[in-house]
Structure formats: C-alpha cells, structure tokens
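On the provided structure of chain A, position chain B as indicated by the hints.
Line order of the protein sequences matches chains A and B. Per this note's numbering, the first sequence starts with residue 1, numbered consecutively. Per this note's numbering, the second sequence starts with residue 252, numbered consecutively.
Watch out, some of these pointers could steer you wrong.
Only some residues are given here: those of chain B computed to face chain A with a beta carbon under 10 Å [stated by the list, open to error]:
#1 T346
#2 Q467
#3 P471
#4 P518
#5 G526
FYI, nobody ran anything at the bench for these hints, they're computed from the structure. The C-beta atom is built at its ideal place from N, Cα and C for all residues, glycine as well.
Now for the letters of each chain:
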Amino acid sequence: MSIHNWEASQPIISINDVHKSFGALEVLKGVSLDVMKGEVICVIGPSGSGKSTLIRCINALNDIDSGSIKVEGREVNDPDLDKLALRKKVGMVFQQYNLFPHKTALENIMMAPVKVLKQPKDEVEKRARTLIKRVNLEGKEDGYPGELSGGQQQRVAIARSLAMNPDVMLFDEVTAALDPETVKEVLVAIKNLAQDGMTCILVTHEMGFAREIADHIYFTDRGVIVEHGPPSSFFTDAKDPRTKEFLSQIL
Amino acid sequence: MRLSLTSIPGVGAISDRATTDLPVLKPYAADYAGKPGDLLFSRWVAGISPWAMLIVFVIVLAWPAIGMAQSKYTSVHALEALWRWLPFLMSKGFTLNVLISFLTMSIGTVVGVMLGLGQISPLKAISKPSWFITQLFRNSPWLVLLFIVMLAFPFEIQIGDRIIPIPDWIKAVVGLSLPIMANISEIVRGGIQSVPTGQWEAANSLAYTRQQTLWQIILPQCFKRMIPPWMNWYAILTMATPLVSLLGVEEIVTLSRQAMESEDNHPELLAPFYGFALCVFFVYCYPIARLTLALERRYVVKQ
Chain A
1 MSIHNWEASQ
11 PIISINDVHK
21 SFGALEVLKG
31 VSLDVMKGEV
41 ICVIGPSGSG
51 KSTLIRCINA
61 LNDIDSGSIK
71 VEGREVNDPD
81 LDKLALRKKV
91 GMVFQQYNLF
101 PHKTALENIM
111 MAPVKVLKQP
121 KDEVEKRART
131 LIKRVNLEGK
141 EDGYPGELSG
151 GQQQRVAIAR
161 SLAMNPDVML
171 FDEVTAALDP
181 ETVKEVLVAI
191 KNLAQDGMTC
201 ILVTHEMGFA
211 REIADHIYFT
221 DRGVIVEHGP
231 PSSFFTDAKD
241 PRTKEFLSQI
251 L
Chain B
252 MRLSLTSIPG
262 VGAISDRATT
272 DLPVLKPYAA
282 DYAGKPGDLL
292 FSRWVAGISP
302 WAMLIVFVIV
312 LAWPAIGMAQ
322 SKYTSVHALE
332 ALWRWLPFLM
342 SKGFTLNVLI
352 SFLTMSIGTV
362 VGVMLGLGQI
372 SPLKAISKPS
382 WFITQLFRNS
392 PWLVLLFIVM
402 LAFPFEIQIG
412 DRIIPIPDWI
422 KAVVGLSLPI
432 MANISEIVRG
442 GIQSVPTGQW
452 EAANSLAYTR
462 QQTLWQIILP
472 QCFKRMIPPW
482 MNWYAILTMA
492 TPLVSLLGVE
502 EIVTLSRQAM
512 ESEDNHPELL
522 APFYGFALCV
532 FFVYCYPIAR
542 LTLALERRYV
552 VKQ
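Looking at chain A on its own, in the form it has when it is part of the complex:
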C-alpha cells in the first residue's frame, strides 16, 4: 500500500463535491461532508434523495463521476484504488441483510476473516463467538439465515461486518425491511457499537434513533445536502423549508 499522510485528528472520511449520475439521472449533485473518527453520522431524507448512493460510494460499491472521497487519507475516486484494502477498513450492513444462505450464522461471520484476511481459524472463531454475544445472539450460532428472524439476521450481518475489524461502519437503511417488533434489537446493537467508539454512518428513517445516537445529522434532498447540524438543534430549529416539510411529515 502507498503511504497515507493521514492522522487521527483529520477527518476519517472526507467527502468533497461528489457528483454521480445513473444515465441521465443525476443522483448526487455536489455533496460534501466530513466525518471524524468515533463520530456517528445519520443521513436522512426522502426516498430517492441519493443518501444510499452516497454511502455506497464510500466503499466503492458505486463509483463516482467527479469529486473526491477520502477514507483515512486514501482517495476512493482513483482508478488505481486498491478496493480490497479499502473494504477491509470499511464495513457495510445492507437493508436486505444479504447473509450467505448456505452458511450458518457463525460461518457467515467467520468466512471473510478466514478466507479474505487469511487469519487463523481458531482465533477467528473465538472472535466470532464474542461478536455473537455482543449482538445478543447466543444459541443461534448454528442456525442458517433462513431459520432466523429478520432482526436476528440483521444482527448476524452486523457481526459479520465487525469480524473484519473495520475502522468505519456503513449502515444502509438497516431497519427498513424489518418487522416493527424486531427493529429495536437491531438499533440496540448499533447503539452499543456507537457507544464503544465505532465510527458509524447511518442512512436511516428512524428519526427517534437518529436523534438519540447521532453526533451530526445530514438532511439530503434531490442529490444535495440541504441542511445539517447536531440533533439538538436540527430537529427543533430547521431553517430550510424542505427540511421543515420533511420533518413535519415524519415526526
């Protein structure tokens, strides 16, 4: 790997004037934001406002047309980017869980560290079992994804991502596909993670949750960040009419 002159005092993720189009549809029209290490960022906004696209660009699942995304000083918008090295640092959890259905919960968690990071199996298994405890899934180690509830699957997905020891976690509407009664258990898992100091970027529709755990909230609409601020002021004195309208509909 090349040398990155990045220090922990600088933003761990620095997004600058990012543009991204799918064909004729421009979904990101110059988005900029910085995330410091240990910060929890929530991105909210109406459907189709580009928030999911934005965080999918951070681990290069989508590439961007112009602008700059730096993760720990490493430029993501670079044709020579080592995507694998980037993705070892940035974990991601999806709306649809995307667990590997042919593997048990424990195997799902252990696979990537063993096969990708080539870590010793017994060491990984120990870590995986600790992670299972951490997301309150003891006893479900040998269950296949099809045998678990949505909330349980999503917690396995969180543990699977954490097993790679990432520096940043991305959450893409992770509770949107869940039954209402299982949303809470997933949010608790994320909250514990945030309290342990993990840098988290969440795209979410859970306003109450965002208010509770976010250090900073960004509101996106039609490809731009309309407004942002700490939760204490964001929800009470939103300035922009679009933010106000969105909040009035959702709160």
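For chain B alone, kept in the frame of chain A given last:
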C-alpha cells in the same frame, strides 16, 4: 397501530391456506436455473404412465398378428427373432447409446461450464464470444451439427508416423456435445444470475475478490438449482442418440435395422424391433425424469 388484513374485501381469514375470490397473482416459482419451460421434457416423460406404455407396446406387438395372419411369417416368428437378437441389441447397441450419452454429457458439461462462466465475465473479450458460441449452438439443428462434424473431422489423424483412426461414434460424441455444451452454458449463466445481486455486494463489501465471490459465495448457492435442468438435458440427449444412426454409428437403431435385414426384412419385424427400442429408451429415461422433477421440487421448497 395495526390494520387487520381480514378487513380487505374478498380476502378470507388469514391462515396457511388463505383463500380469496379475487384474482390473485400466484408466487412465481422460478427458483431453479432458467425458465419454467426448461424442464418441459422431463415433465412430459415423467407424465407418461408406465402402464400406458405397456398397453401401447402390447398393441404394437399384436397389430401385425391381426393384420397379417394370412402370411406364413407371423408376429410370433418376429418375436422369436427379437428374442434371439435382444442380447446383441442390448450389449452392442444400447450400451453404445449409453456410452455416447455419458461421454457427450461429460464433454458438454466441462466445456459448457467454462462457456457459462465466460458469459458472465466482466471482460467483453470473453463474454461476447462465449455468448455468441452459446447462442449459435443452442439454436442449431442437432442433425446439421452432426453432419458438419462428421464431414469436417478427418477419419484418422497422424501423430508422428502412427495413424490413429477416429471411429464414427467418437465424431458423433463431438457433434452432440456442441448443443449440449451450449445448453449447459445457459444453465450455468441462468443459475449464477438467479442469485440476488445483494450477495455479490455483500461479498464485495467484505473485500472478497470476484473469483472468491464466484466460487465461495455464488456457485455453492446455485449449484443445486442447476442439477434438475442438467439432468433434463441428459434425458433429452439420451433420447436423441439414435440420430447418430443416420451417420452409420452402430447403436441400437442401426443394429435393429441390420438385424431385421438379416431376418429377411419381414414387415412383421418392424413393430417388435422398433417398439423394443422405444421401450428401452423409455425404461432408461423415465426414472431420470421422475428424479429430475423430485429434485426440482425439493430444491425449490428448501430455498
């Protein structure tokens, strides 16, 4: 706040077998590779009742006995002739059909899997030719392919000063392998593409390479789904092996014809000999078709 679904007009009580008098879009069971029509052949064969087959056979045998009772040579003689030839037809004839089907399926599977993986390659230089070859051989008449291979291939090859003859049946295997390969290629492509893209994304986000994702995540998930269509093609292939009799390969149909010639070509011989060949193929393919459908049901439910 929860809405009770029972309040929707037309929808009955919610249970495992909820019923409605409204038109309902049934869940589309496309969990195995490819289109539902892919197993059409197995469905058809498995749908034939073995008893119906038996009755057909008996009628076919009895027909000449009724129609040509005046002739000196009766169907009893014809049956005796069949009985004499039967061990030969099976050991030399049908065995070659099975051998051809095995070899063709092996070659077709190996090359077809490579073509199928080629079709999903991100490199256009690989995916385009793979797609073209697949479409070309999938949509060509089998007999035309057989004739081309028969005429285009040399009947012997020379390595150093040794001359190795290539028997006709080997060329027939090559000819039949082409359409089988193309159809296996489609099964593989369809199987891989039936896995949701979320699986690729999840693997990508965990720093898997494309190759690792394909072999460790995607293929283990769709492998089972590819088995029923693969077996379906095996049954189709086996039924198609008599095509090679047109090229003089001495399989069961060719040998039946030769046997009838040596029995002085009595018309009474036709029904027993060809009827026998028909039944042999049915007896061989029927269990395969049943197994194919059983596996398909099992994998669809299990997913």
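Do the hints match the structure? See the list:
Look at T346 (chain B): its Cβ only gets to about 39 Å from chain A, farther than 10 Å, so that hint breaks. Checking Q467 (chain B) against chain A by beta carbon gives a least distance of about 6 Å; that is within 10 Å, so the hint holds. Annotation: interface hint on P471 (chain B) holds; nearest CB of chain A at approximately 5 Å, less than 10 Å. Residue-level restraint check for P518 (chain B) is violated (minimum Cβ-Cβ distance to chain A is 59 Å; threshold 10 Å).
At about 47 Å, the closest approach between the beta carbon of G526 (chain B) and any beta carbon in chain A exceeds 10 Å, and the interface hint on this residue is violated.
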